[in-house]
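Asks: These protein sequences, in sequence, are chains B and V. Residues in the first sequence are numbered from 3 upward in steps of one, following our numbering. Residues in the second sequence are numbered from 6 upward in steps of one, following our numbering.
Keep in mind that the hints were calculated from the coordinates and are not lab data. One or more of the hints may lead you astray.
Claimed, not checked - Far from chain B, some chain V residues (derived; all Cβ distances over 10 angstroms):
{"hint": "1", "residue": "Leu25"}
{"hint": "2", "residue": "Ile45"}
{"hint": "3", "residue": "Val71"}
{"hint": "4", "residue": "Arg75"}
{"hint": "5", "residue": "Thr84"}
{"hint": "6", "residue": "Tyr104"}
{"hint": "7", "residue": "His108"}
{"hint": "8", "residue": "Val145"}
{"hint": "9", "residue": "Leu162"}
{"hint": "10", "residue": "Gly163"}
{"hint": "11", "residue": "Tyr175"}
{"hint": "12", "residue": "Lys220"}
{"hint": "13", "residue": "Gly246"}
Stated by the list, open to error - Here are the simulated lysine to aspartate or glutamate pairs, DMTMM-like style, with alpha carbons at most 20 angstroms apart:
{"hint": "14", "chain 1": "B", "residue 1": "Lys270", "chain 2": "V", "residue 2": "Asp155"}
{"hint": "15", "chain 1": "B", "residue 1": "Lys225", "chain 2": "V", "residue 2": "Asp142"}
{"hint": "16", "chain 1": "B", "residue 1": "Lys270", "chain 2": "V", "residue 2": "Glu74"}
{"hint": "17", "chain 1": "B", "residue 1": "Lys106", "chain 2": "B", "residue 2": "Glu388"}
{"hint": "18", "chain 1": "B", "residue 1": "Lys106", "chain 2": "B", "residue 2": "Glu354"}
{"hint": "19", "chain 1": "B", "residue 1": "Lys203", "chain 2": "V", "residue 2": "Asp142"}
Idealized CB from N, CA, C, for every residue including glycine.
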Amino acid sequence: MTEDNNHGNKTLEGVVKRLGEHGMSRRQALKAIIASGMGVAVSPLVSRVAWGATGPGGLPLARPDKPVTLPMHGDPIADGLKPESGTFTVFNYSDYLYKAVLDKFGEKYDVDVQLTTFANMDQCITKLANRDVDVDVTELTPDRITQATAGKLLQPINHSYIPNLKKNVWPQLHSPFYDRGSRYTVPYACYTTGIGWRSDKVSEDIPNMDNPWSIFWNAQDYKGYAGIINSPREAIGLAMLYRGNTDLNTEDPKVIDQALEDLQELVKVCNPKVNNTEYQTLAQGKSWLHQAWSGDALMNVWWYLPEGQTGDVIQYWTAGKGKAPIQNDVWAVPVFSKKPVLAHLWMNFILEEENAHSNFVNFTGYQPPINSINADSLIAEGTVPEHLSSAVVRPEDFGPGSIQYMTLTAEGQRMWQDAYAQFISGV
Amino acid sequence: MYPRWLWQACAAPGVFWLLLLFIVPFYAVIGVAFGQLDPIFQNPIPIWNPLHWNFDNTLSILAQFVPGERYWLVFVRTTKYIFFAVAISLLIAYPVAYYISRHARRTKTILLVLLVLPFWVSYLMRMLAWVGLLSPDGLVNNFLIWSHIDTDPPNWLGGHPGTVIFALIYGYIPYMILPLVAALDRIDKSLIEASRDLGMTARQTFFRVTLPLSKMGILGGCVIITLPMFGDYYTPQIVSGSPETSMLGNQIYLYFHGGPQPDVGATLTVVLSLFLAVLMAYYLYSVARAQKDLQ
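Here chain V stands alone, though its shape is the one from the complex (with noise of 0.2 angstroms):
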């Protein structure tokens, strides 16, 4: 018999962990949105104590997420950004997680390997290098031309919402379609062989065993990358610049980059968080309510 205590003490890096990468900056980060500017430099005076904090800024910024106002429009654009690169990461990530998880026998490896290398390449560099292959005269639009598709290619890179999703989506899906092959890998092939057995069609087995049971690989890969792509800049600056897809992230970077208003880019940081927990939470309600169903 081990001792209680020693299960409690696995969990102190992850705990430690947390406070020391998450709890305390979210903490400094809401410090400052409710804190001061130092009268000079105008750096951020965090304030620690809830009974000091100052809520002036965020009532007017909060006005400003109302409809027809400035940030509730930034906010639309970003979320309609996100929904879109979301469903087509869904779309292109299930079939590949169900090749790899019931059909890639001996190459399984390999593609799982192939998945993973992107990582190896910065999330900048792999950005910058498809600024390459879309610039006008890149290898895209010189591929098009040649081959008659279109003798005049748009500049993709001259500030399109398409290219800003199509980064968005080629940046984050490895982060998709790994939770899925995880998920389809658990799904119990008995229960897709008694779905046959019991005289379902493939194509009713999928819909009615295979996806359901592979409900939370989708709802888990749906969130890990809604949530960098809520905080992302970088992907609509660097292929895009435009302000017309600018997202609610280059809002954030602008304040907390640079100028006397930190405050601000720490209270918008405290209010997408918001509503960031709110998806979490129904992502957290749905894992709990799934795992009551296979009790």
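Isolated chain B (complex conformation) (with noise of 0.2 angstroms):
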């Protein structure tokens, strides 16, 4: 054996052993490794077998045609068992939860309520990988379900505790495509990508344009107040629905060239702003015209505006199922938390409609897909202006021939990173 295969093996056995303290078996750990396509970089012996076109540890890759069914890691907890006491501690973004409803929640418990951030998904997905938060329940997005089931990170949950799934939530989500059964998660929020823009700035009628999505590509006249999402998904996404691709988790390198080049021309064109910041930007007049989500309208609508400006300056656009993404985040129970029994409660506590209204109108701005929450009601009542009902969810926006931006190979994520990255770079 050459030297160099003697230093391959001696890394695979490395990473192999780190996989091991991640409850893999040998064989599973192998297998990971050959899925991630990091045969070539640990272990010439590994290099020679082809790269798989699966997820994390070797898992299949859920899209909303192929549903996956999460394989069973451990037992649930077992039916009526105590609420803990103490301190429970959710794992979520900043602002992405009322505060009022974690303190409705610790009273109801009688438990201290405690929220433990993180900035986003692959630190959040970090944090929990080493220990470094102890936490009991945690928000993800779907993309990131496969990966944290891979690296049993996540303990199957117990749907006796959660009856507000079946009761409240829309029958979509009951069995998600990316979590047959539901077998770890539960549905939170959710949220169409769009346009954002201003109708006392932008003259074109966005809705009514061939293609929608163009209005960034002759959006000249709005240089310098033009915006991107700040993500490389959502990024590169827009540069593929522009040019009528709907395949949003390719990883054909000439789609992802091709929609490179257009973020490049896109520059060129109107020199937009890459950042996260349009759902106030819009209200503020910072921002004319902003890929968005649908979220950031009504919330650009209900805290940003400045006094005497009305909300009706402030539309959403999207393209409706199968033509743009539509996203979803949810909630799960670390394999470690300490507080199994309340994380569940806190599930089923957060899907109840009046929680679930109140976190929704009261501070996130982003939807929770329960039944009693829909576009008629939420105009009725007046929480969502009746020109922005387009920026509302509904149930049948999920589900087969829905787009959803979810998990790629390791070879893909490089792919959308680099490109992406390019991009931001200016050249």
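Combine both chains into one complex, guided by the hints.
Replies: Encoded structure:
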């Protein structure tokens, strides 16, 4: 055996050992290495095996048309257990949960409730994987569930504690494609990606354009006032939608290169800002045209309109099912949660109609997938202005045929990130 | 007589500090740059043994530092911004420092306190204040319209290189003034008096005595603000956010902040550090030469 092979196999052993610490068998670890595309880097032995087109840990990549049942790692907690006492810790983005709702949960179960935050999903997963945080329930996005399950970070949930899942949540999310049977997760908030703009500044009739996404490539007049969401998936996805490509989980280098080229062209056209401040800058007039999430449009109108400004200037358009991304966040219980019963009760609590509604309209602006919270009721109660009904997500928007940014292979992730890095480098 | 070990012991906290907060973290960055990734979580797995380092990534990244390639162009843009920011900072800072050192007698302490005052407010907050001032309907534009200087003022925050350079100057200039004041204060006044006594004009005295003797302060100030500017990513993000004004720090941040390639971010950090080490080496060489000249 050559020296290179020796070194490679030593490194391979190191990685296998590390995966063993995550509870994986040697066979599972090797499978994971192959699936991740790391084989070439870690060992010439493994590099001989073709890269699998699977996700983390060799698990299949879930897509709206290809649902995945995740493997059970351990058993759920038993039925009828008493809630724990002490401090219950929720792990979430900052500003993505109403404090009054947390306090209400604390009062109901007589516990102190604490919020620990992360800046993004990478940080969330890293902290969970390294056990850097001592949390009892965590927020996740569906594209990370395969990863979290493969790494045995989550524990299966016991549905007997969460009757509100069946009672209150949209049927389309009772058994979502990324977690068939809701073995590990319950849904939290949902949103679409579209275009937000100021009707007093942008003259085009965006919804009636032949290709509304093309507004960004015709935004010379809005130079300095146009913006793109600061996310590799969303930015590159926008360029793909502009070209009519709706496979937003593609790993085809040609499609990704074309999207990069279009984004580079966009810099010349309107010099867009790349940020996530569109939830307030549209209302403040600092931005006139911005790729936006549906919740952003509502937040602009609810919280950030300057005095004397009416909400009708804030507009939102999205392309509809199968033509624009729709996403939802979820709640899950970390395997190391010290208060798993409370974690289950929290999942049920946040799916209670009143709590979900309060969290949405009083703080986050992101809609929970709850039966009683729909476009008609929100418009009727005056929560959502009629002209922003497009910012309300509907149950039928989910399901087969919808578009959702989902887990890519490791190689796919690298391609998307490199293209995005090239775009934001401005060269 | 104090024992010799006492003086060496005095350096211990500094050595400990250097080890704990610079050498160990920097070695960790190197370990990440030349290390592996966790195949499931894509977290970096640092490789501590240099014999096992993997340089495949490094070579492909270095290949993008050649003229015409991505990192080269971003590096040139970053260097350009920093060059202008440092040069303008020096032009502003030197007269201020000169005034404080030479002419501000009773007000010297107050002026020094005022200089230190910005440090009481976080850098981020100071930048965000400028976002308010420079926004389309902010005070700056309102003033320009009111005074008829410009009835259609520009969108300063719309991705202008000038705004980024201005923000860098604003953010870092106090770090330039303080070493200059210290350097000018250290100049022996009798040398200046001797220069005047020997018939030099005030202008000649400044260029032939004061300026050369404050060279170390100028270099020190430039180094102190240049190093953090190269790693800065939040200033262009806050006051611009446009790809056209992004700096090398933004590329490092992107790869470190998330995604499957923290090793690329770490490698970029190492490359940047090597470049800055060359600048530092020149500074240290200049200091050594200046000290030799004085002896």
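Asks: Take the hints in turn and mark each one as holding or not.
Replies: The hints, checked one at a time:
{"no.": "1", "hint": "Leu25", "result": "holds (20 angstroms)"}
{"no.": "2", "hint": "Ile45", "result": "violated (5 angstroms)"}
{"no.": "3", "hint": "Val71", "result": "holds (13 angstroms)"}
{"no.": "4", "hint": "Arg75", "result": "violated (5 angstroms)"}
{"no.": "5", "hint": "Thr84", "result": "holds (14 angstroms)"}
{"no.": "6", "hint": "Tyr104", "result": "holds (38 angstroms)"}
{"no.": "7", "hint": "His108", "result": "holds (43 angstroms)"}
{"no.": "8", "hint": "Val145", "result": "holds (14 angstroms)"}
{"no.": "9", "hint": "Leu162", "result": "violated (7 angstroms)"}
{"no.": "10", "hint": "Gly163", "result": "violated (2 angstroms)"}
{"no.": "11", "hint": "Tyr175", "result": "holds (20 angstroms)"}
{"no.": "12", "hint": "Lys220", "result": "holds (36 angstroms)"}
{"no.": "13", "hint": "Gly246", "result": "violated (4 angstroms)"}
{"no.": "14", "hint": "B:Lys270 to V:Asp155", "result": "violated (26 angstroms)"}
{"no.": "15", "hint": "B:Lys225 to V:Asp142", "result": "holds (16 angstroms)"}
{"no.": "16", "hint": "B:Lys270 to V:Glu74", "result": "holds (18 angstroms)"}
{"no.": "17", "hint": "B:Lys106 to B:Glu388", "result": "violated (31 angstroms)"}
{"no.": "18", "hint": "B:Lys106 to B:Glu354", "result": "holds (12 angstroms)"}
{"no.": "19", "hint": "B:Lys203 to V:Asp142", "result": "holds (14 angstroms)"}
Hint violations for this structure: numbers 2, 4, 9, 10, 13, 14 and 17, all remaining hints satisfied.
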